[in-house]
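A.B. asks: Residue numbers (the numbering used here), protein chains in the order written: chain A, 1 to 463; chain B, 1 to 173; chain C, 1 to 386; chain D, 1 to 978.
One or more of the hints may lead you astray.
A short, non-exhaustive set of chain D residues, derived as facing chain A with CB atoms under 10 Å [to be verified]:
{"id": "1", "residue": "P262"}
{"id": "2", "residue": "M691"}
{"id": "3", "residue": "A817"}
{"id": "4", "residue": "N841"}
None of these hints come from the bench; they were simulated from the model. The C-beta atom is built at its ideal place from N, Cα and C for all residues, glycine as well.
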Amino acid sequence: MMHVSPVREPLINGEKSYNDITNDVMAPVRAKPGKLWYIGITVSTIVMIFGFAMIGYTVWFGIGKWGVNRTIGWGWSITNFVWWVGIGHAGTFISAILLLFRQKWRTSINRAAEAMTIFAVMCAGIFPLIHMGRLPLGFFILPYPNSRELWVNFNSPLLWDVFAITTYLLVSLLFWYMGLIPDLGTIRDRMKTLWKKKAYNFLSFGWKGSARHWHRHESMSLILAGLAAPLVLSVHTIVSFDFATSVIPGWHTTIFPPYFVSGAVFSGFAMVLTLMIVTRKALHLEEYITVGHVESMNKVIIATGSIVGIAYITELFMAWYSGVEYERYAFLNRALGPYAWAYWIMMTCNVISPQLLWFKKLRRNLTFTFILSIFINIGMWFERFVIVVTSLHRDYLPSSWTMYKPTWVEVAIYLGTFGLFFTLFFLFIRVFPVIALSEVKSVARSSAKKFIGKPIKNKTPEK
Amino acid sequence: MRSIIYGHFTDELDLLNAVKELQNKGIKIDDVRTPFPVHGLDSVLKLPRSRLPIAAFIAGAIGGSLGLLFQIWVFTRGWPLVIGGKPFLSLPSFIPVTFELTVLFAAFAMVILFLVRSNLGPGSLPDILDEEVTNDHFQIILTDRNNSASEAELEEALASTGALGVKNIKTDN
Amino acid sequence: MKRNCCCEGIGLILRFYIFLIPFTFFFNLPLTCYSETEDVIIESGFSKDEINRGKRFFMGLLPFERNHEACISCHYMVSPDTLNWNPSAIDIARKYAGRDSAAFHRAVMQPSGNLMAASHQNFEISEEDVYYMKVYLDNLAVTGVEPMKPSINRILIFLFLGVLLTWALLDLLIFKKVKIKAIPILIFVAAFGFQLFMLFNESVLLGRSPGYQPDQPIKFSHQVHVTENQIDCMYCHHTVTTSQTANIPSTNLCMNCHIVVREGTRSGRFEIDKIVQAYEEERSVEWIRIHDLPDHVFFSHAQHVGAGKLDCMQCHGDVENMHVVKQVNDLSMGWCLDCHRTTKVDFIENDYYSIFEAFHIDLEAGVRDSIFAVNIGANNCSSCHY
Amino acid sequence: MSDEKKYWELLNEFEPLDDARFKGKREAVSSPTSRRNFLKVLGLGATSAALVASCKSPVEKAIPYFIKPDEITPGKAVYYASSYFNQNEFCNVIVKVRDNRPIKLEPNPKSVITPYGTSGRVQASVMDVYNVNRYRSPVRNDETIVWDEADNEIITQLKELSGSGRTVVLITPTIISPSTKKLIGEFTQSFNAEWHQYDPIPMDGYREANRRSFGTEELPEYHFENADCIVSVGCDFLGTWLSPVEFTSQYSSRRALFEENPGLNKHYQIEAGMSLTGTNADTRIRADRAEYGKILVHLYNQLGSQNGATQIEATPPPQEVTEKLKNVINDLQANRGRSIVVCGDNNPDYQVIVNSINQMLGNIGETIQFNRTYNHFRGNENWLEALLDQNLGAVIVWDTNPVYSHPMSDQIRAAIERAPLSVAITAQPDETSELCKYKLPAPGYLECWDDAEYKKGVVSVLQPTLHKLFNSRQAQEVLLTWMANPLSWQDYIRENWTSVYFTEQAANASSSDFWIETLRNGELVLNNTAASVSYNESATAGALQTAASEQASEGFTLELTEGIHTGTGHGPLNPWLQECPDPVTRIAWGNYASIAPAAARRLSIKNGDVIQLGNLQIPAFVQPGQADSTISIALGYGRTTGVAEEIRTGVNAYPLSRVESNYRRLTVPNLNIEPTGQTELLALIQGHQSMEGRAIVRDATYEEWKENPAAGNEMHEEIQKHHTTLYPKTIYPGHKWGMAIDLNTCTGCSACVLACNTENNIPVVGKIEASRHHEMQWIRIDRYYKGDENNPEVLRQPVMCQHCDQAPCENVCPVAATNQSSEGLNQMVYNRCIGTRYCNNNCPYKVRRFNWLDYTGADAIPNNRFDPANVTVDLSRMRHNPDVTVRAKGVIEKCSFCIQRIQEKKLDAKLEGRPMEDGELQTACQQACPANAIVFGDLNDPESRVSKLMKNPRNYHLLEELHTLPAVGYLTKIKNKS
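With the hints as constraints, model all of the structure from the sequences given.
C.D. replies: Rendered as structure tokens:
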């Protein structure tokens, strides 16, 4: 049986049976890791450990080891935080919002994207913690009953962050893991070693593929998606409140929530693209993550990128239109002040470069997309840098104006989060299926280029 | 002591037909196991609509109202603090936390209820009859306890739908 | 000084002891760390035999025969003890450490106070015995009293519970050795619950010590002074209404009375001699502090006693009936706050409060029947933290 | 958490106490807590393990006094009247003593000289007492000896030397103590010694000029409060000249512009370098340093033509200056008898001209009087001859440091090394004392008995407020011992007072009452009859000739000025003073060569470029308003001895000064600048100099103010009208604290900054940290330039926490560590703070300070202390105010409106059952302000001074358009421009 959609591009290339899908996707889990993988995880682990050592150094000696000062209280730490959180938006956006919109192309990428989300949020979560001057007393931000009868300040956006980020991390984790358990069941049944079988059974919660379970699972997934969708939007909205509710010119802007959310999706998709273009090659998943997928994502990128561009211009307009001299100065300073280079990097990477994606040829060009996605990641980092640093460094009273330069400690911590991210990602691709097996199977019949319903013979999976 | 009779298909369309066929024969199907959620299977099996959404709603409502009430209590009764010249009860500030708690409670309640209802969880040992069920086998499971028909009849009925590898095993529970 | 050591845990330990067996080795490690070695015995310059002879006499052990009780029955080995009014062995040892055997003999045989005379009457102790006893005591003054065996540390219970719940969890999820699932579940819940309970309790008590009742260098009884002798608190703690600190009386203040009063009805002369001695040596008595707020709390006695007219007892408890002072309240911040919420302010008499015009209007109109400390900002952060 | 420590240090660590006041021991001791600290080191995870393990907690001991002194109540401060004197700084002070430790100096309101306010140096001097580098016992060469040994050896040698005809020279700074003078007189007699007074920055030229003009060497008293027109030629009378604290008070009393006090004085400053006084002037006329003589001659000529004096031929100063001087001349002429002309140069010829100008204007006897003349600055250069003489037998250097501060340093060094006997009596090691054979430790002034007659007829006492920390002996005691006088120094003073002053007063019948009364007041005012001087014009002609014939300088002229915080060289010893930024340049830690923008551009020199000046290498700083061919360098830096190595900053510029016809001159003509290509770090606290057109410091001219008192402040009313809110108004039932700062009276002297440092235990962060904008001061004095870079107008604004009613910082703290008190204070709870710095980001005033590193040693984590100035050692910690938490690493801190003082005064009122009086409660900054620019009080009380000031049309709030509703108000700056 062949179902080739006349209008839509197939989501799976090549001739695939269900068994082929299983085998293709499981291959990295089953095979012995290659040299590249070992090199990759070693490097990223070393970087991670160094980053954590620098965190220890900061906690021990104090935030004074960073380049922040009395005027610029947040430097790279919060820039990185917002950047990582932004990246952490793609996964749940893909799996939740695209699920609600019934976009089938999400099935090939949602698993990896969600994993990336979780890792990115973990990286993000590090920064608000370590930027505290007294990390050992950080538990004060939890509203736990205590004999001081003290609670927390529910007016503070930073506290909202605590709730938003934790909720987001937990719900994303749930969503991801609930999607994983059928696939982990699949892996379990393919495993030959007893301990591996047991381990995967443990991980798969004893999944057996019963129709009742599937029925409930689907229902749950839909509701989780329904919950996660506003959650995704809320997280970066609340992160944007960190800035928007303040009084600092350049921060104090009502446009921030939608601007941040679209920026987050923008950067998240870029990061997904960066990773997936490499991963599909490395894990030989080209037939599942097709150029068509890349194009679809590029379309989202151009949409969100344009929203971001409009937001930048709106900000400029509003600064002028408001007539507030501080606002005006803040935006003039961004574009022409000592940090103008950061502003123009941001503008180039985020606003101008995605516009090239209007060309279909470029949209479908993997090399171009890869380079562009890195550009966008850089641009979005600079967006946060511009917001955090240039707004603070020249605020109300000129007497307090200063400049900011990160120290190597801050750089090392930032790199360390990359180490953490990639360490987790490397582990992930070896342990878990990178593509949502059951979901791909469920769309295989309708969306594969060539679907082989019945295998020629009842063959057993390859060893 | 009961008998479990099972067989599998390699195509979900065959499975759907077989399920309908068996149901027409008045045979109650104990379980159907598939590698992915087969579209239309739940309606064929007449599975009742899941009540998880209701549970999620209730849990969400509890989470949200607890969160909101807690915040109100803290700022009006627990220890009223003047913060930024705001009144003690500044409701707009409480929206984010309320929302997050709503989602958190709903999501957790749903997942926990799902696992409990489905008897899934870390360490739960499934009764797997065919390991290919998670790959490309679509399995129908019948049991003589649920059906008045004899084991042999069931076996035959199953085989007649085109099921492959029909087997009968006995268990104690 | 040990504060709130885990008495309530002991019963639990016994019950769990069967589980302890495989871990005994590990658990005993920290215990052995506590016991002190006894190599120091020759430090005082006496032979071991001499010391042992004196020790046996002091302890009332064989082969000495006598018709009165052993010294140890009144003079305990605890240092310093508040178990009875008699001086402890170590106190005596320290007091006579610098004097010769003859002086000690005189002190024992010719008691100086009525109380001592009553208990030391009919003593028949040979000079030799006194000498060896003095040897023993001199040695004791050098070596000190053997520390009491510490009770099992809480961390052991905590770790043990951890092991237990890990086992329960593993069994529940992986090994499934126990047929009845309820058992590991119950063990898990109980162990985890108890761990949480311990954590909670300890966190609440972190930096606090209600019930702290250390032994003081002098057996000073507030009950004797306040209740029996009717001395006002503020006779000794006289700065309490004017200064943030309620002073601890200086040695010369004690001597106002003790220049005359040299023998107590309970303690005899020994304890009072300590203060006299301190006075003669021109030194202060190093008391053990009981009520101790964290360093970041600025508490003013003048505010509470002077302006607020609070009674000492309200915070310090029934000190007038304590022989040994004990911290009654936990002195937690919540405890402070709660009191501020319920303590009325003297709004009518004290003219300072005349500036609170709105409150006065409310009072007259009957909108409020009284003003509480919290209303005038007692619970402001900056009232105590700055 | 015990990371914040109230510090109680053992006094009896040092030596047994003998004075009755110090009898006894401290009240409370805290042993280092380990458990709570330990917990904090561990993370939350490990905490649980530690929690249950915590069976034992450390024992705290409580040790009472042995005999409690009557006047000491543990936990309450005791106040003693005393005085501070150092070079040109004199203040009658009240020393706040807590638990036997002096911790704060406050002005003595009973004083006739400095009734309110002190200088910053006075405030910081508390730190000097606890300086770790002090000599701790007598030293012979490098060997510690006992006093008796030192005494015997020195006495023998002294007797031998004077017996064999060798000279014995005693060099002291200017001695203003009458008893000491008497004592020294006796000493010189008995040992046949010569006594010389030496001032590093002397005023012997002034005295010489007065001798020529008035026949008296006395330095007159100036009454700036009576002067309607002040003309200063390079005289920094608000910063460093003669008696700056007194002059600031006088000057500012005429700057406080209100309806009831409408007469604003007019101040012209003609100067080369930007001085503190120059930045406050109504009109600052920029002139090269080399032109001062010409300007004075020009002024003389022009005024003389209107007052009938003989003219003298002279080239006038440059056109642009002469043009501006016209107004000066007109105003001086219009305010005859109500003006003052001063010049800040030690050149006697200049001073003679100034004298004749003042005489011409009728100012002598009016604004300049010879009644209560100044007794300090009696030093001259005569000692050099005696010291360099081959016959020098013994030299006794008493608390002076000529090796450091004299250009002939090498010869002096050689002379001291050559001398058979050299003795230094000083508290802190210095370059000179290190050369001496015997180093005898002297106590700090807070450990001393002394008296002082700063101004004629006003005699003050100094009494010890701290038992001597080290094995030290006062110089006077040393002399008494050498003279075998059995009297103690205290008795000597007392005897002297009884014989001299007791008879001159009638208030006390018995001499002991008199003595006690004097100690209580700290000051005795004698009824001197007004002295009359006769003016002698004859000296003027010669002076005019000399001044007029001065050669013009080729290249650059160097001007050496006294560092406003470092003084003549004591400042670098004190890390507080080093860290306090210069009020003009806003640079802390170190000196630099100020160079005009045009010159810098011409030579392409940027800030921090090291330049070569003579044989001096010094970083350059481009100073707007600097005269084009003048370079200014502050003196007092570059100390190498007695200063911890990490805080040795700046360069010693004294070697560039010169002695010309026996007068020290602090100018060097004909210099060239050579860039060296190196750069050096300048700890520039304020990086941006312009207000960017924002209404931050609002100003107007006097004329405008007379038209409309709200001139320059029109927007205030407009903004008030726009203040609307959805929220109900917060009610402050009792007090509502507020502060008003008069920008017109504030001179920027920074006394408030240093007072705040002392009061609130503010840490020292060092040069590197300060340059990274990690400074910790709770008050900063913002300085903005306005207009022409060559001669900009300067506006100043002290900014501390504004205690906003709707504070942006409060909203954002996740743990509610900062919130509003019921008395309108923005409270900061250190022990709750977790250090997110969000509040600081969201503060539009940027007044919050973060403890970036463990500056105080209060942090629980070991081995991470960052204390370059070495001020967290136990000795230095004795300076801490026990009523203020010492903050740990990682917490935000900020101005608390001196909450500890508020609590104390409220409690006093409660105990006495009376309402608080307005003015009873003073913040530390307010108390220290000699200009009376800061007023603190209750805004709920409509009659309080601060309430009235808040209603003044000049009042506005900083960034009030943000609707933060600050509790701090500023009064507009009004300049009397012409």
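A.B. asks: Compare the structure with each hint and give your call.
C.D. replies: How the hints compare with the structure:
| no. | hint | result |
| --- | --- | --- |
| 1 | P262 | violated (31 Å) |
| 2 | M691 | holds (6 Å) |
| 3 | A817 | holds (8 Å) |
| 4 | N841 | holds (4 Å) |
When the structure is compared with the earlier hints, a violation turns up for hint 1 alone.
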